[in-house]
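Dock chain to chain to rebuild the complex, using the hints, since each chain is given by itself in its own frame.
In order, the protein sequence lines correspond to chains A and B.
Quick note, our numbering runs 1027 ahead of the 1-based positions in the first sequence.
Quick note, our numbering runs 10 ahead of the 1-based positions in the second sequence.
If you are wondering where the hints come from, they were derived from the structure by calculation, not from laboratory data.
From a predicted model like this one, the values you see are computed outputs, not experimental measurements.
In this text, a Cβ means the ideal position worked out from N, Cα and C, and glycines have one as well.
Incorrect hints may appear among the rest.
Only part of the chain A face toward chain B is listed, based on derived beta-carbon distances under 10 Å [what the hints assert, rightly or not]:
{"no.": "1", "residue": "L1070"}
{"no.": "2", "residue": "F1101"}
{"no.": "3", "residue": "G1133"}
{"no.": "4", "residue": "R1137"}
Okay, derived cross-link-like pairs now, SDA-like style, lysine to any residue, Cα gap no bigger than 25 Å in a straight line [said to hold, decoys possible]:
{"no.": "5", "chain 1": "A", "residue 1": "K1051", "chain 2": "B", "residue 2": "K13"}
{"no.": "6", "chain 1": "B", "residue 1": "K13", "chain 2": "A", "residue 2": "G1086"}
{"no.": "7", "chain 1": "B", "residue 1": "K62", "chain 2": "A", "residue 2": "A1128"}
{"no.": "8", "chain 1": "B", "residue 1": "K79", "chain 2": "A", "residue 2": "E1129"}
{"no.": "9", "chain 1": "A", "residue 1": "K1105", "chain 2": "B", "residue 2": "F112"}
{"no.": "10", "chain 1": "B", "residue 1": "K13", "chain 2": "A", "residue 2": "P1088"}
{"no.": "11", "chain 1": "B", "residue 1": "K13", "chain 2": "B", "residue 2": "Q55"}
{"no.": "12", "chain 1": "A", "residue 1": "K1051", "chain 2": "B", "residue 2": "Q55"}
{"no.": "13", "chain 1": "A", "residue 1": "K1051", "chain 2": "B", "residue 2": "I57"}
{"no.": "14", "chain 1": "B", "residue 1": "K79", "chain 2": "B", "residue 2": "G113"}
{"no.": "15", "chain 1": "B", "residue 1": "K62", "chain 2": "A", "residue 2": "E1129"}
{"no.": "16", "chain 1": "B", "residue 1": "K79", "chain 2": "A", "residue 2": "A1128"}
{"no.": "17", "chain 1": "B", "residue 1": "K62", "chain 2": "A", "residue 2": "L1123"}
{"no.": "18", "chain 1": "A", "residue 1": "K1105", "chain 2": "A", "residue 2": "S1054"}
{"no.": "19", "chain 1": "A", "residue 1": "K1095", "chain 2": "B", "residue 2": "F111"}
{"no.": "20", "chain 1": "A", "residue 1": "K1095", "chain 2": "A", "residue 2": "N1077"}
{"no.": "21", "chain 1": "B", "residue 1": "K13", "chain 2": "A", "residue 2": "T1065"}
{"no.": "22", "chain 1": "B", "residue 1": "K13", "chain 2": "A", "residue 2": "S1054"}
{"no.": "23", "chain 1": "A", "residue 1": "K1051", "chain 2": "B", "residue 2": "I49"}
{"no.": "24", "chain 1": "A", "residue 1": "K1051", "chain 2": "B", "residue 2": "H50"}
{"no.": "25", "chain 1": "B", "residue 1": "K13", "chain 2": "A", "residue 2": "A1128"}
{"no.": "26", "chain 1": "A", "residue 1": "K1051", "chain 2": "B", "residue 2": "F111"}
{"no.": "27", "chain 1": "B", "residue 1": "K13", "chain 2": "A", "residue 2": "S1085"}
{"no.": "28", "chain 1": "A", "residue 1": "K1051", "chain 2": "B", "residue 2": "K79"}
{"no.": "29", "chain 1": "A", "residue 1": "K1105", "chain 2": "A", "residue 2": "M1042"}
{"no.": "30", "chain 1": "B", "residue 1": "K13", "chain 2": "A", "residue 2": "I1082"}
{"no.": "31", "chain 1": "B", "residue 1": "K13", "chain 2": "A", "residue 2": "K1095"}
{"no.": "32", "chain 1": "B", "residue 1": "K62", "chain 2": "A", "residue 2": "M1066"}
{"no.": "33", "chain 1": "A", "residue 1": "K1051", "chain 2": "B", "residue 2": "F112"}
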Amino acid sequence: DAGVIQSPRHEVTEMGQEVTLRCKPISGHNSLFWYRQTMMRGLELLIYFNNNVPIDDSGMPEDRFSAKMPNASFSTLKIQPSEPRDSAVYFCASSLGLAGAEQYFGPGTRLTVT
Amino acid sequence: DAKTTQPPSMDCAEGRAANLPCNHSTISGNEYVYWYRQIHSQGPQYIIHGLKNNETNEMASLIITEDRKSSTLILPHATLRDTAVYYCIVRVRGTGANNLFFGTGTRLTVIP
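Chain B extracted, bound-state conformation (with noise of 0.2 Å):
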């Protein structure tokens, strides 16, 4: 599975926009890009996968660029529940090992 990096840690102002940056340069044509989060204490938390194109769900949407190097996870409306450590995977679906690598992830704090 292809290595993700992100950035160690991030603020964000409550009510607003948070985006979540990854790279991840050495993608295959084959992986999918995975998001999940961890708030304090708890399991983690699917949020949102994606091959190629954007995607959108109730929580969450993600931004694939054209070349698939990179891409950003954004919550358009930030709230305190949303403070946690957020986890970027690259990874096949539907093949092979079913194992997620978390990684150290980015540590979203959201402020007042």
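With the rest of the complex left out, here is chain A (with noise of 0.2 Å):
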């Protein structure tokens, strides 16, 4: 299995740019998460979806930030206008089944937003 898949690994942008990453679960997991990691806040939960539906987004920090699910292999999280305190590491995690399942994460993509 390829595992969670993440792109761009690496994106570079001006503030108020739109900026889109995008994530491929792991095939057959029906439950998805966007987390963000900074050094000031660690890691911390943006939004999750299961089968395809958002669940919950509280942690998405502003109207800035949007992420749709729109089929089982497929996700994006946007940001638009991207802002400089936006710069992080952005990583997708996939899951099967129940809630509390282990969670399989990608490799991340690191946003700097100067």
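Okay, structure coming up:
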């Protein structure tokens, strides 16, 4: 199995630009999670989906952030407009079945907003 | 979910067993203990989980005390590649929110 796939691995953009991060979960997994990691705040859950439906988006910092999961094999996290404080590593993870199951993380996207 | 307490850092000699402690004195009867680790510049990696009994898999062993207020993750023969931040997480399995609270973890350094 290829594991969770994220793209791009690195993204550098200017403030005000739109950024789209992509994730392909492990085949057969029905839950997908987006996390953000910074030195100051550690690893934080932004949003998670179950069977392609957003379940909890309370971690999304503000309206500039949006996430979609149009099908079981693809999700996007979009930031529009981006700001320097959005600079972080963004991880996608997937899991199978019931809540609390083991989550498998992708390699992350390192976002730098200048 | 119950809070956990871990030492901020530990060292271990290569080839020796690494024993990483975790205190979770407020754990509830239906909460499991999970361990994840994060190697530098990589995504977190699931290691093992347990409820009451000790557990072992190809990566590690998990020892949970009888009162379940603490646990120890054991890497039997640490290698340099085991250098990482190790997170102990306590949460209910099967119900409720699906988020993991990672905390600050223990930074394990395996020394040659």
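Hint by hint, here is what the structure shows:
Interface hint status for A/L1070: upheld, as the beta-carbon distance to the closest one in chain B is roughly 4 Å, under 10 Å. A hinted interface residue such as A/F1101 counts as satisfied when its beta carbon comes closer than 10 Å to some beta carbon of chain B; here the least separation is about 18 Å, so the hint is violated. The restraint placing A/G1133 at the interface with chain B holds, with a minimum CB-CB distance near 6 Å, inside the 10 Å limit. About 9 Å separates the beta-carbon of A/R1137 from the nearest beta-carbon of chain B, less than 10 Å, and the hint is met.
For the hint linking A/K1051 to B/K13, the alpha-carbon distance of about 32 Å lies beyond 25 Å, and the restraint is violated. As the CA atoms of B/K13 and A/G1086 are separated by approximately 19 Å, the hinted pair is consistent with the 25 Å bound. At roughly 17 Å between alpha-carbon atoms, B/K62 and A/A1128 fall within 25 Å of each other, so this suggested pair holds. Between B/K79 and A/E1129 the alpha-carbon distance is near 22 Å, which keeps this suggested pair within the 25 Å criterion.
Using a Cα cut-off of 25 Å, the hinted pair A/K1105 and B/F112 holds, with the two alpha carbons roughly 24 Å apart. A C-alpha spacing of about 23 Å is found between B/K13 and A/P1088, which places the hinted pair at or below 25 Å, so the restraint holds. About 20 Å separates the Cα atoms of B/K13 and B/Q55, which keeps this hinted pair within 25 Å; it holds. For the suggested pair A/K1051 and B/Q55, the alpha carbons sit about 17 Å apart, so the restraint of at most 25 Å is met.
Taking the CA atoms of A/K1051 and B/I57, the gap is about 22 Å. The hint holds against a cut of 25 Å. With a C-alpha separation of about 18 Å, the suggested pairing of B/K79 with B/G113 holds against the 25 Å cut-off. Between the alpha carbons of B/K62 and A/E1129 the distance comes to roughly 17 Å, so the proposed pair stays at or under 25 Å and holds. Taking the CA atoms of B/K79 and A/A1128, the gap is near 22 Å; set against the 25 Å cutoff, the hint holds.
With a C-alpha separation of about 23 Å, the suggested pair B/K62 and A/L1123 falls inside the 25 Å cut-off, and the hint holds. Distance restraint check for A/K1105 and A/S1054: the Cα-Cα separation of roughly 23 Å lies within the 25 Å cut-off, and the hinted pair is therefore satisfied. Among the hinted pairs, A/K1095 with B/F111 is consistent with the structure: their alpha-carbon atoms are about 23 Å apart, no more than 25 Å. The straight-line distance between the Cα atoms of A/K1095 and A/N1077 is roughly 12 Å, inside the 25 Å bound, and the hint therefore holds.
Among the hinted pairs, B/K13 with A/T1065 is consistent with the structure: their alpha-carbon atoms are about 21 Å apart, no more than 25 Å. Restraint check for B/K13 and A/S1054: not satisfied, since their Cα atoms lie roughly 32 Å apart, outside the 25 Å limit. At most 25 Å may separate the alpha-carbon atoms for a hinted pair to count; A/K1051 and B/I49 meet this at roughly 21 Å. Between A/K1051 and B/H50, the direct Cα distance comes to roughly 22 Å. Compliance with the 25 Å bound is thereby established for this hinted pair.
For the suggested pair B/K13 and A/A1128, the alpha carbons sit about 19 Å apart, so the restraint of at most 25 Å is met. Pair hint A/K1051 plus B/F111 holds up; C-alpha atoms about 23 Å apart against a cutoff of 25 Å. For the proposed pair B/K13 and A/S1085, the alpha carbon gap of about 20 Å is at most 25 Å, so the pair holds. Restraint check: the Cα-Cα separation between A/K1051 and B/K79 comes to about 38 Å, which exceeds 25 Å; the hinted pair is violated.
Between A/K1105 and A/M1042 the CA atoms are separated by roughly 14 Å; this keeps the pair inside 25 Å, and the hint holds. In summary, the hint linking B/K13 to A/I1082 is supported, as the alpha carbons are separated by about 23 Å, within the 25 Å threshold. Our distance criterion of 25 Å between C-alpha atoms is broken by B/K13 and A/K1095, whose separation comes to about 31 Å. Distance restraint check for B/K62 and A/M1066: the Cα-Cα separation of roughly 34 Å exceeds the 25 Å cut-off, and the hinted pair is therefore not satisfied.
Distance hint between A/K1051 and B/F112 is fulfilled; the C-alpha atoms sit about 23 Å from each other, no more than 25 Å.
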